[in-house]
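Chain by chain, the residues:
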Amino acid sequence: MLEVFTWLADWLIYGLAGLDPESKLGTSLHFFVEDTTKIFALLVVVIYVIALMRASLNLERVRHYIQQKPRLAGYGLGAGFGAITPFCSCSSIPLFLGFTSAGIPLGITMAFLFTSPIINEVAVIMLWSLLGWEFTLVYIAIGMAVGIGGGMILDVLKGERWLKDFAAKAYQQATSTSHGDEPAPEAPVLTLKDRHEFARDELKEIVGRIWKWVIIGVGLGAALHGFVPDGWFADNLGSGQWWNVPTAVFAGLPLYSNATGVIPVMESLILKGLPVGTTLAFCMSTVAASFPEFIMLKQVMQWRLLATIFVILLANFMIVGWLINLLSPWLFSGFH
Amino acid sequence: MKKIEVLGTGCKKCVNTAEQIQEVAGELGIEVEVQKVTDPAAIMSYQVMSTPGVAIDGKLVHSGSVPNRGKIESWLKA
Numbered sequence: 001m002l003e004v005f006t007w008l009a010d011w012l013i014y015g016l017a018g019l020d021p022e023s024k025l026g027t028s029l030h031f032f033v034e035d036t037t038k039i040f041a042l043l044v045v046v047i048y049v050i051a052l053m054r055a056s057l058n059l060e061r062v063r064h065y066i067q068q069k070p071r072l073a074g075y076g077l078g079a080g081f082g083a084i085t086p087f088c089s090c091s092s093i094p095l096f097l098g099f100t101s102a103g104i105p106l107g108i109t110m111a112f113l114f115t116s117p118i119i120n121e122v123a124v125i126m127l128w129s130l131l132g133w134e135f136t137l138v139y140i141a142i143g144m145a146v147g148i149g150g151g152m153i154l155d156v157l158k159g160e161r162w163l164k165d166f167a168a169k170a171y172q173q174a175t176s177t178s179h180g181d182e183p184a185p186e187a188p189v190l191t192l193k194d195r196h197e198f199a200r201d202e203l204k205e206i207v208g209r210i211w212k213w214v215i216i217g218v219g220l221g222a223a224l225h226g227f228v229p230d231g232w233f234a235d236n237l238g239s240g241q242w243w244n245v246p247t248a249v250f251a252g253l254p255l256y257s258n259a260t261g262v263i264p265v266m267e268s269l270i271l272k273g274l275p276v277g278t279t280l281a282f283c284m285s286t287v288a289a290s291f292p293e294f295i296m297l298k299q300v301m302q303w304r305l306l307a308t309i310f311v312i313l314l315a316n317f318m319i320v321g322w323l324i325n326l327l328s329p330w331l332f333s334g335f336h
Numbered sequence: 337m338k339k340i341e342v343l344g345t346g347c348k349k350c351v352n353t354a355e356q357i358q359e360v361a362g363e364l365g366i367e368v369e370v371q372k373v374t375d376p377a378a379i380m381s382y383q384v385m386s387t388p389g390v391a392i393d394g395k396l397v398h399s400g401s402v403p404n405r406g407k408i409e410s411w412l413k414a
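Protein chains in written order, with my numbering: chain S, 1 to 336; chain E, 337 to 414.
Where hints are given, some of them may not hold.
Each computed SDA-like pair below joins lysine to any residue, with the alpha-carbon atoms no more than 25 angstroms apart [stated by the list, open to error]:
| no. | chain 1 | residue 1 | chain 2 | residue 2 |
| --- | --- | --- | --- | --- |
| 1 | S | Lys164 | E | Cys347 |
| 2 | S | Lys272 | S | Glu22 |
| 3 | E | Lys349 | S | Leu57 |
| 4 | E | Lys395 | S | Lys158 |
| 5 | S | Lys164 | S | Arg54 |
| 6 | S | Lys298 | S | Tyr256 |
| 7 | E | Lys349 | S | Thr308 |
| 8 | E | Lys395 | E | Glu369 |
| 9 | S | Lys272 | S | Leu25 |
| 10 | E | Lys372 | E | Met337 |
| 11 | E | Lys407 | E | Gln356 |
| 12 | S | Lys193 | E | Ser386 |
| 13 | S | Lys158 | S | Glu134 |
| 14 | S | Lys272 | S | Ile140 |
| 15 | E | Lys349 | S | Asp201 |
| 16 | S | Lys204 | S | Glu121 |
| 17 | E | Lys349 | S | Ala174 |
| 18 | E | Lys407 | S | Glu22 |
| 19 | S | Lys212 | S | Met296 |
| 20 | S | Lys298 | E | Val373 |
| 21 | S | Lys169 | E | Gly394 |
| 22 | E | Lys349 | S | Lys272 |
If you're looking for bench data, these hints aren't it; they were derived computationally from the structure. Since the model is a prediction, treat every value here as computed from it, not as a measurement.
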């Protein structure tokens, strides 16, 4: 079904514009047209359908649900809800305080916040259409693992010691009174019309926010695709030296993008011979460790906690990169 | 005069919410005091997890989205 977009790009670029399929400009433009049209078409359909389904999901119910479960399951649930809950980074502080003041451990809250920017429906659609389902599943597993692992380490280190005073007090108050007997907040009763209105607003909001990223990301990916020779990375960087992965993580740090912008670039990097683990490490570092986010968290955390979180994240990305590079011959046998 | 607080850490939606309320109040000729609350501790005290939130005279009436016109009118007329 998705071949339609290849045909569209064939017709527009090689037919109407008359560009040579062998030329650099021709391949770049073809890539750009095919990917942008495909991604936007998929985004519109999938965002709308998912929003219809999650119209009745709210954070109060998510929080109540997590509170009821044993702590160990909490990390997985935190990361899982982080992935599926619609969430804008400007809400991270109220969300953080809402969870903390309900006595949810810091690590579980952070598992939610770590996973949230890495996995969302937009990232999944783009990965699926650009890199295939195997890669998408690996990406989701890694995003969850980074969130769960990061959260657990924070709790082992007793990170809650380094919260700002008012947040620490709220947490202590909540944990010293007993919890778990409160009734679950009621699910809002929604008619089909309500759901449609919610989904329509979500669609407008999300597409309005990310369309630039799609264009920039696919544009960069297209330029790489057409102008960098195949196998360039393997020839010039060597493949698989251990220091490639930390280099990729540090290179990604100052770049601040969301998953939407970086995924088309990933596709091109992999096609040009950058090892999959190195590429993923770069992507995660760009998406999940962003300075604006950290500055925001400063409102509720002491520097020490921020620094700890930062180091944990970087270490996680590197481990992911090395591990996937090591495993990629088995994971992606059908790739390339 | 009603005291309306818009709760949020400063994202675009919170600014929109405050503007919407001012606008509707202006059209209805109702005098209001709209205040943006960005202090995390204050937002926490209202138990708001998704911003923007709206509180009228110290009572939370809305959270999680930019409220629509009908809702704003009903708060102002109440």
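Those earlier numbered hints the structure runs against, lowest number first: 4, 5, 7, 13, 17, 18 and 22
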